[in-house]
Amino acid sequence: MNSKIMLMFTVILVAFLSAFSIFQVRQWERAILFEFGEIKRSDYTAGLHFKIPWIQSIKKFEARLLNLDQEPQRFMTSEKKEVIVHYFAKWRISDVEQFYRATSGGDVFYANNLLAQRINSAIRDEFGHNTVQQVVAGDRDDLLSLVVGNTARLPKEMGITMMDVQIKAINLPDEVSSSVYERMRAERTRVAKDYRARGSEAAERIQANADREREVILAGAYRDAERIRGEGDALATEIYAASFGNNEEFYGLYRSLNAYRQSFSSGKDIMLLQPDSEFFKYFNTSEGGK
Amino acid sequence: MGWNEPPDGNRDREPWGGRNKNDGPPDLDEIVRKMQQGLGRLFGRKTASSEAGPPIPMAIWLVFIVVLLIFCAIDMIYFVNTQERGVVLRFGRYDRTWQPGLNIRLPRPIETVELVNVERIRSLSHKNNMLTQDENIVDVEVAVQWKINDPTQYLFSVRQPDETLNNIVESAVREVIGKSKLDFVLTEGRSRVAQSQMGLIQETVDDYAMGILISTVEMQPAKPPEQVKDAFDDAIKAREDEQRLVNESEAYVNDIIPRARGAAARIMEEANGYKARVVAQAEGDAARFDQLLAEYSKAPEITRKRLYLDAMESVLSNTNKVLLDTEGNNSLMYLPLDRLLDQGRTGNKPQTQESTSRIMESQGAVVNGNPRNVLDSRSRGMR
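Protein chains in written order, with our numbering: chain A, 1 to 290; chain B, 291 to 673.
It should be emphasised that the hints constitute simulated quantities derived from the structure, not laboratory data. Owing to the predicted nature of the structure, the values given are computational and were not obtained by experimental measurement. Idealized CB from N, CA, C, for every residue including glycine. Heads up, a few of these hints could be off.
[What the hints assert, rightly or not] Just the calculated beta-carbon pair ranges, DEER-fashion:
no., chain 1, residue 1, chain 2, residue 2, range
1, A, Gly-267, B, Gly-563, 29 to 35 Å
2, B, Asp-523, A, Asp-211, 53 to 59 Å
3, A, Glu-213, B, Asp-628, 53 to 59 Å
4, B, Pro-548, A, Ser-200, 20 to 26 Å
[To be verified] Every beta carbon over 12 Å from chain B, so not counted as near; a handful from chain A, in silico:
no., residue
5, Met-76
6, Gly-105
7, Ala-169
8, Ala-203
9, Asn-247
Work out the full structure: start from the sequences and follow the hints.
Quick look at the structure:
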């Protein structure tokens, strides 16, 4: 009975001790081993490791890329316009010992603040030399190289490596935005007017062209028509001349008589006659002649 | 602090430190002892109650061990679905990746498993208004579809992969829009913008070794902001108006040109008709005259007389006549011409008679039914 209790006691003690002396470093972690608060070792790879309980302690750090996502900041451009910039940065802990020392015990939040200050000043410098347009259309690599240049000493100073800085949003303050909207509206109005005027121009051109064409067609038709009529008249005259020329004197009689007949065909004419024409030759006497 | 000072004359100034150094170990011992007592009571009582023999506690132990073994076995066996991969960590260190199917791991404290779905297509969308290169503001909405193509990279490279991807998408969208002009973004540039956004996102994701594959970047049609929407709509309407005006004038062209051609054809046909008519009339007149002339030349005198009298008869029978058979102008004569004309118009038989003159009236009767109008139409045509 007593030996059983002893055995149980040893098992529990071993389990207890091992729980305090074994530690895991996971794939995405780095660790520092402290002995009485002094850094003893920091080059752990992932896996199972040992320490002396209570004498040595462990602090683990993130080995993956960390995110720095600050509140949007206001910056001035070279035209003294304010822009609101929202950026994010990617960094990783490259030297855990240095990082631990520089950030008062490995505080990621604290490190983010330090980084943000440096990045802000880099961006402020860069934007101060550029117009809004250049800033908006700027290449990501320019900003990155600038920030990297400004943070070149970070690995030494803080044990941090900057991986990337990118701008998520560049916006104008509300009061500037409204004037941008006004400008856009004016621009659109200009475009709209232009379109409509062009439409009218084209329409006018097309219609005028059509009107001209109509005139040309009608005038050409008139010309040809008159030529044809003239031919007809000429031909008719020739025929008349050929026929009537056979006896001009008789034609005079024939034509005159027809003309008289025609002239007095309406029935409304009044003739005042003296009966001395050839028609009235037998009117007064049967012998004819007076 | 005075009231908190230990009364037994402990010289140590710090109460916490002091207790940790001096009282710590006994405390721990006491806990261990208490645990021992508790366990002892548990087992001891059982052994005490079944004084007859140890088989019953042995059975309990056995059952306990079998249950534990079964539990471990179940815990060790994993079924990995087709769309999943299992990342196995041994004491936290990456050991291997499971393919789909039946897989076995070592019991829990030694190996742990992270199952990652690598087939599921995930999506995220991003909507914001942003500045274009020409300092206009545009509303852009982008939907990105992606999946994990390397589970170890996805787990081990970046701390918050999903949030990071969000950031990457936002910045890529902004950058591409920031390099484009407003008109380009709003009209023909949509697919190209999405294309370069996709390239940029994938590039950055690869830079970070995130183990993510971007499958599509779908950009919704970019819209002008709400504040200027009406102006943009009007501009689009204006473009339609332009087209409408052109179409309308083309309709006008299509209306008048064929009509003009038709009118021209009518003019030509009328002219041709006129020509044919005039020539035919001339030929007809000439033929008639020629035949008449042939007869006339056989008996000119009598024909002449007959023609003359026929014509005069026709003329006089068709007119109102006043025959004056007075010689000289010694007598004054009153002729109410206006009344005569009126009668001619109304057709009443006049009964006026003058003393010194014989007035013969007769209502003109058309003797010659169809008076020839030889040259009438011709003169009209000559205009």
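These are the hints, each one checked on the structure:
| no. | hint | verdict |
| --- | --- | --- |
| 1 | A:Gly-267 with B:Gly-563: 29 to 35 Å | holds, 32 Å |
| 2 | B:Asp-523 with A:Asp-211: 53 to 59 Å | violated, 35 Å |
| 3 | A:Glu-213 with B:Asp-628: 53 to 59 Å | holds, 58 Å |
| 4 | B:Pro-548 with A:Ser-200: 20 to 26 Å | holds, 25 Å |
| 5 | Met-76 | holds, 16 Å |
| 6 | Gly-105 | holds, 19 Å |
| 7 | Ala-169 | violated, 6 Å |
| 8 | Ala-203 | violated, 4 Å |
| 9 | Asn-247 | violated, 6 Å |
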